[in-house]
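J.: Chain residues, written in single-letter form:
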Amino acid sequence: MAYINVEDLVLDFSKYDDDGKPMEPNRALDGVSFSVEKGSFVAVVGMNGSGKSTLAKCLNGLLLPTSGSVEINGMKTSDESHIWDIRSNIGMVFQNPDNQLVSSIVEDDVAFGPENLGVDPEEIRKRVDEALKRVDMYDCKDKAAHMLSGGQKQRIAIAGAVAMRPSCIVFDEPTAMLDPAGRAKVMGIIKDLNKEGITVVLITHFMEEAMEADRIIVMQNGRIIGDRTPAELFADTEFVHEAGLELPTVIELRDMLGMDKKIMSVEELAENI
Amino acid sequence: MIRDITLGQYYPGQSAVHRLDARTKIVATLVYIAALFVVNNFWGFLIAAAVLFTVIGISRVPLKFIFRGLTAVFLIIAFTFIINLFMVDGRVLWEWKFLSITYEGVRRACFMAVRLVLLIIGSSMMTLTTKPIELTDGLEKLLKPLSKIGVPSHEIALMMTIALRFIPTLMEETDKIIKAQQARGADFESGNLLQRAKALIPILIPLFISSFRIAQDLALAMEARCYHGGEGRTRMNQIRFHRGDAIAAVLVFAFLGVIIASRWI
Amino acid sequence: MSIEVKDLKYIYSPDMPGETTALDGVSFDVTEPSVIGIIGQTGSGKSTLLQHLNGLIKPTSGEIYIDGECITGEKKNLTDVRRKIGLVFQYPEYQLFEETVAKDVAFGPKNLGADEEDIDRRVRHALELVGLDYDEVAEMSPFELSGGMKRRAAIAGVLAMEPSILMLDEPMAGLDPQAHRDMLGLIKRVQQEMNSIILFVSHNMGDVAELSDRLLVMNKGRIVMDDGPHEIFKRRDELSDMGLSVPPIAEIAQKISDKHKDFESNPLTIGELADDIKEYRKTNR
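Residue numbers (my numbering), protein chains in the order written: chain H, -18 to 254; chain L, 29 to 293; chain R, 76 to 360.
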């Protein structure tokens, strides 16, 4: 069985009018089904408000299904007895680098997760050092979090997730607020983590980043409207535009030159000139 | 200007003061503050100041850094000084209409200002030489016995951790919002009190919204990292009482004794 | 309209452990209506420069003249400065505060002392400029708008002050692809309509290449290059030393040249590169 199994997931947000009476709820996810194999790299794309972030929060039980189910390694998120097990297995990195660090000092923040899990102090020390080296931030372990750049903060957030030794990390637009240098560094770390066997779910607006994934899930209005490999997705220009996305530059150039739809990289494109 | 506030900031170092157990420093600071209120003459302040500057010397936190922090609260000190200057009856030195300055007033004003300055420097020494997490851990441990009578020691400590973490973030946010509204022609400096208070609305509303957004994001991030209260939590840094702490404790209470004695000088 | 900046210097927290020279002798001038992109790594001084031009920060030394008038001297009426030169901050949607979109957009003109009729005209015009439908959004709460629309409403709030010079700090940051395209269109439209000077800061070299007539490259508080985008993006090695890249399209052109030694192209847009490749194919067939 797949590592993540989402079946017919529906999620409603309750709404109330000015008098506090319940109104027609807002349906954020509407019958979403997909699965993710252990060790794979899945990207989720779609316009703002398509339900991507809501979906991410369902994967570790931060939001619970209105109906349908989310299963992680055979455990249902709706089963309260598994919730901490699930959250320690599914790490999460959010968009805003400023708002997800708990402690003022870098290494204390990275220790926050393992501390919550009740890990032994010496073991925490080891994990924190390892995680910080992993994201290339070991030299900053004594620094104040608010003095770091956005990209550095985001790397600390990744270290915080890594220190919990998860088998999967969900990234919710981790590079949206970073400059190009920070973005490249974070993307490099995400790819490396995946190579080391960590399952990656990456929610992103950047098609160049989505291209790195094994599979791209396209969302619109709370539904999955496409679940394809990057090659398949970017061969279908019309579909990409309908979904409110854009083509990676290489692909756009390929199409302008009327070249073979199989071409996916600059190198291939150059060869075919 | 917002960057100049050193109160609550940590100045990294390896000095003997830095290495003390946070609990020792918290208790020492409390004793020091208490001592400042016991003092009733300038000799006592002289001793208290001498002790404070010795500690600063040992800590190797640059004086410039500490005094810059003081300028941020200069207004409070000046206000205290002026209030006391005019509010005390006694031998009149200077008079103008309903205002009068008395000998006792001058004495009292100087007294209060010195007390306030020592108090601020003294307590900022604690935060300057203690990592925030150690400080809150220390506080949690000190409050632990009280949790039996229902004091939420873990929660108090966590709130402090988060407050210390987000003070700089919110300061930056405030600075940004003020500038953004100024760029839209907002004027915070002229008009009467009511107009000025009204002028703050364009700052306060975005600031509230930002704070809520931060709180929401942070709560999610904490939950995602398996935070579920203080129960079953471990700590990476185990705080321990060392020989240095014992010496410091003895010195602190010796100091308190001297200060009490100074009342009769 | 013109901007003249002379030897601008700014030091943060002087005499403190955190002392940093944010601007270190910045000089440039702009005399013609144009779109000017400012690029540089985080911390190179771009945002600080914009805030100086708006009179939000007083320089440690140096002078700024807007339309020939010095704004850095003593006791300047800064409202007059802000009437002439508008500044849109990064993530401007975070500064919305009024009950309705119309009221929020009216905040700026009101501060300038415009009368009600004039304010209404300005609000309508500004909303139209940013592509929001007045009848639809005017009475809505700004917090009900989508992310991209919120940002446009916030920009309308600055446009309603009808500045002759507009500055934007990372106007595209954090937008989804659709909203990103809208924003590019918005800037072009505003430039055409106002026929004025637009200064914008961006990390996205693709956007910079597409929008700018001229580029200022900042590094460690100095302007190190000041030229047209074609000329600047030719100097890729120098840019790379400063931690900057060339637009993705120039990157692709370079990789094609690596493969085909006789292929030469210095494109700023995808169309230019496609044309160069078509030309190359013809001659090599």
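Simulated from the structure, these hints should not be mistaken for lab results. Errors might be hidden in some of the hints.
Said to hold, decoys possible - Label pairs and their calculated CB-CB ranges:
{"id": "1", "chain 1": "R", "residue 1": "Lys295", "chain 2": "L", "residue 2": "Ser128", "range": "53 to 59 angstroms"}
{"id": "2", "chain 1": "H", "residue 1": "Asp66", "chain 2": "L", "residue 2": "Arg263", "range": "21 to 27 angstroms"}
{"id": "3", "chain 1": "R", "residue 1": "Asp210", "chain 2": "H", "residue 2": "Val(-9)", "range": "31 to 37 angstroms"}
To be verified - Here are the simulated lysine-lysine pairs, DSS-like style, with alpha carbons at most 30 angstroms apart:
{"id": "4", "chain 1": "R", "residue 1": "Lys336", "chain 2": "R", "residue 2": "Lys81"}
{"id": "5", "chain 1": "L", "residue 1": "Lys172", "chain 2": "H", "residue 2": "Lys122"}
{"id": "6", "chain 1": "R", "residue 1": "Lys81", "chain 2": "H", "residue 2": "Lys242"}
{"id": "7", "chain 1": "H", "residue 1": "Lys2", "chain 2": "R", "residue 2": "Lys178"}
{"id": "8", "chain 1": "R", "residue 1": "Lys334", "chain 2": "H", "residue 2": "Lys242"}
{"id": "9", "chain 1": "R", "residue 1": "Lys334", "chain 2": "L", "residue 2": "Lys207"}
{"id": "10", "chain 1": "R", "residue 1": "Lys309", "chain 2": "H", "residue 2": "Lys166"}
{"id": "11", "chain 1": "H", "residue 1": "Lys172", "chain 2": "R", "residue 2": "Lys178"}
{"id": "12", "chain 1": "L", "residue 1": "Lys226", "chain 2": "H", "residue 2": "Lys122"}
Glycine included, each C-beta is placed from N, C-alpha and C at the ideal position.
J.: Look at each hint and say if it fits the structure.
T.: Hints versus structure:
1. R:Lys295 x L:Ser128: 53 to 59 angstroms: This hint holds: roughly 57 angstroms between Cβ atoms.
2. H:Asp66 x L:Arg263: 21 to 27 angstroms: This hint holds: roughly 22 angstroms between Cβ atoms.
3. R:Asp210 x H:Val(-9): 31 to 37 angstroms: At roughly 35 angstroms between Cβ atoms, H:Val(-9) and R:Asp210 fall inside 31 to 37 angstroms, so the hint holds.
4. R:Lys336 x R:Lys81: Distance of about 44 angstroms is beyond 30 angstroms: violated.
5. L:Lys172 x H:Lys122: Holds, at about 29 angstroms.
6. R:Lys81 x H:Lys242: Cα-Cα ~53 angstroms, so violated.
7. H:Lys2 x R:Lys178: Answer holds: H:Lys2 to R:Lys178 is near 28 angstroms, not above 30 angstroms.
8. R:Lys334 x H:Lys242: Given that 30 angstroms is the threshold and the Cα spacing comes to 20 angstroms, the pair holds.
9. R:Lys334 x L:Lys207: Violated, at roughly 50 angstroms.
10. R:Lys309 x H:Lys166: holds, 24 angstroms
11. H:Lys172 x R:Lys178: Not OK: H:Lys172 and R:Lys178 at ~47 angstroms, beyond 30 angstroms, violated.
12. L:Lys226 x H:Lys122: Roughly 44 angstroms separates the two Cα atoms, so the pair is violated.
Of the hints listed earlier, those the structure fails to meet are numbers 4, 6, 9, 11, 12, in rising order.
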